[in-house]
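Asks: Take a look at the letters that make up each chain.
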Amino acid sequence: MSGVPAVGVGLVIADPVPEQQVAYVGLVTRVISFAIDAALITLVDIIIGVGAALILSLLHLPHGLRIVLAALGGAAAILGSIAYFVIFWSTTGQTPGARLMQIRVRTDDGQRVKPRRAVVRCIGVVLAALPLFAGFIPILFDSRRRGFQDRFAGTVVVEAPGPSIAEVSRAKKRAVYEASRRSPPAPLD
Amino acid sequence: MTDGERARSRPSVLSPVIGLGTRAATATLRPVAGVVEAAAGASLRLQRRAVDRVLESDELERVVIVAVNSAHIQEALKLALESDGAARLVDSLFDSGLIDRVFERLLESEALWHLIDEIAASPAVTAAISQQGLGFADELGDQVRSRSRKADDWMERAARRLVGRKPSVLPAEPGAGT
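Each protein sequence line maps, in turn, to chains A and B.
1 is the number of the first residue of the first sequence in the working numbering; add one for each residue after it.
1 is the number of the first residue of the second sequence in the working numbering; add one for each residue after it.
Careful, some of the hints might be misleading.
[To be verified] Distance ranges between label pairs, derived from CB positions:
id	chain 1	residue 1	chain 2	residue 2	range
1	B	H114	A	K173	24 to 30 Å
2	A	V176	B	G135	16 to 22 Å
3	A	A39	B	T126	24 to 30 Å
4	B	R161	A	A39	58 to 64 Å
5	A	R174	B	H114	49 to 55 Å
6	A	V176	B	D91	49 to 55 Å
7	B	G135	A	A39	22 to 28 Å
8	A	G49	B	E108	25 to 31 Å
9	B	G135	A	T42	27 to 33 Å
[To be verified] Rough simulated footprint, nothing fancy, chain B against chain A, three-plus residues with beta-carbon under 8 Å:
id	region
10	22-31
11	56-70
12	100-114
Honestly, the hints are just simulated from the structure, not real lab data.
Where a beta carbon is used, it is the ideal one built from N, C-alpha and C, also for glycine.
This is chain B alone, in the form it adopts within the complex (with noise of 0.2 Å):
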């Protein structure tokens, strides 16, 4: 018998041997994996405990408040900021086509539509756009007047000239009067 055939019915034979001790480590460890599901189970449930003991706590606040105002976090996310790597991370959010995404389902929405309605009747906008009109009205009036005051002196020299008399002296510069 070679090597290779001994090795081939090695198996064979040893296979009763596997298949019961595996069955024995199955029965033994079963009541222990049990216990380690069971307390898996309970850690979990004392971490959600935990977390929400610190959600509802006022130190949680404080410890925002503080680290906000920290020089150190503030260096560090201005460093952040100013990375290539935020760079980078701005262009792959654009390049990703989720902005255009948000933005389409936006113009989707009609609560948007709404709200932009909601806003253009409120009264502080009708009035700021009331006042641009009549900011422009103002603005075109100024220029009609200008414009008429100058066409007055040209046309009065110009009448003087034809009539071949000494220009007068002007009146005095439009605003001046009364």
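One chain only, chain A, in its complex shape (with noise of 0.2 Å):
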């Protein structure tokens, strides 16, 4: 289980909110939202795997240049997944998950999230699972809903709510038929 990094991203709010204000997110959601970011990594990951491994098949390489290679591949995916985790939580604000359960992560000033305090928090989720996930324990027990990770990176997650997909699809498609509609159409020749 590791539910904590999910709920992660940069902040994209600038004023801290009044704390009576803001909603913390409990340990379910952010599994769950973990749970999807997990699911597309791996996805991922699958993909670029078997096609790597299509391609190496082809050569005929040495068995000790297949493990090296191997290994390298194992370090890539670790460090994509770190990636994955520290652009979303610096850049968009929301991994895809924490989109989808409409959660974010924030300083504990309500600032957003930096790259270094990601890493930082990334490095935290990892220290917080490796003990038989005590370290999401707290996330239960504290006022704010801070895990180990939290803690370690001064960070909270809170709710977000926002517009949903369909919303958005909905209201691009009536921007446009509006667009459409107050421009006249081309003369014909």
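Mind assembling these two chains? They're in different frames, but the hints should get you there.
Replies: Below you can see the structure in the form of structure tokens.
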């Protein structure tokens, strides 16, 4: 279990929000969010891995070199996973899983998470998971629902309600339709 | 000679006379019949021309519009449609099997399936279907989010009860936050 990393993401909100207006997110929601992210990462890893294996199968490489390549592939997968979380947390503000669950990570004082803090949080997640995921148990008892990784990196996970994918799609279609109505048709030659 | 025998012998005596009369009448009326036939044909052609003129005129359109807008006609139509006779007519229409035949023929028609394919492939329909799919995904997402928030609270309460700690004041309701 590792519900925690999913929650994160660089926060777009710049102004600190008054304490009483913030809704912190609990363990179950964070686990679901992380599971979605893990599924996405795994899917991409499988596609890349199968593609690489097919290409390598055409080459007659020595056994030792194959082992080295496999180790490099594993390292690349780990780095890719870390990059996934760090990039989403510090750029768009939410991982895809967090977007679906409408949650977001921000700093203790409501600021956007910077890349360095996102990396620290990633390390915190790993450390929290090492002792049989005991690092996530504080989420159940902390008044701000913070796990080890949150305390380690100085972050919190909060609700981030926003328009759904369908609502965004409808709004885009509506905008296109209204734009087409406003612009007069091109004259025929 | 009895009366019966007299009656039986009469046709044989009168038949030449009757035949002569019939032939005379036929010969006399033959020209008249031709004239009548020609007159009937001319009348029919005249009627057709008159109907054509009426159908081509603007007057017919005006008459139809006035008739459709007429309150009397509308009332009469309404009464006719509400009558038992109209209901019986509809029943008999369905009982006759005509509707079934119409639908059977429609389903056998290539044009109908072509039309359905065209409609199904039209941008408006595909957009509506995709919107419906997104709407379903939205609804599913809402359900998952709602249940996960409840599960958050439940798990927190259960954990605190387990270790004998006082339940904390639960965080604000989902959606009330940032």
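Asks: List in ascending order the numbers of the hints, as given earlier, that are violated by the structure.
Replies: Violated: hints 4, 5, 8 and 11.
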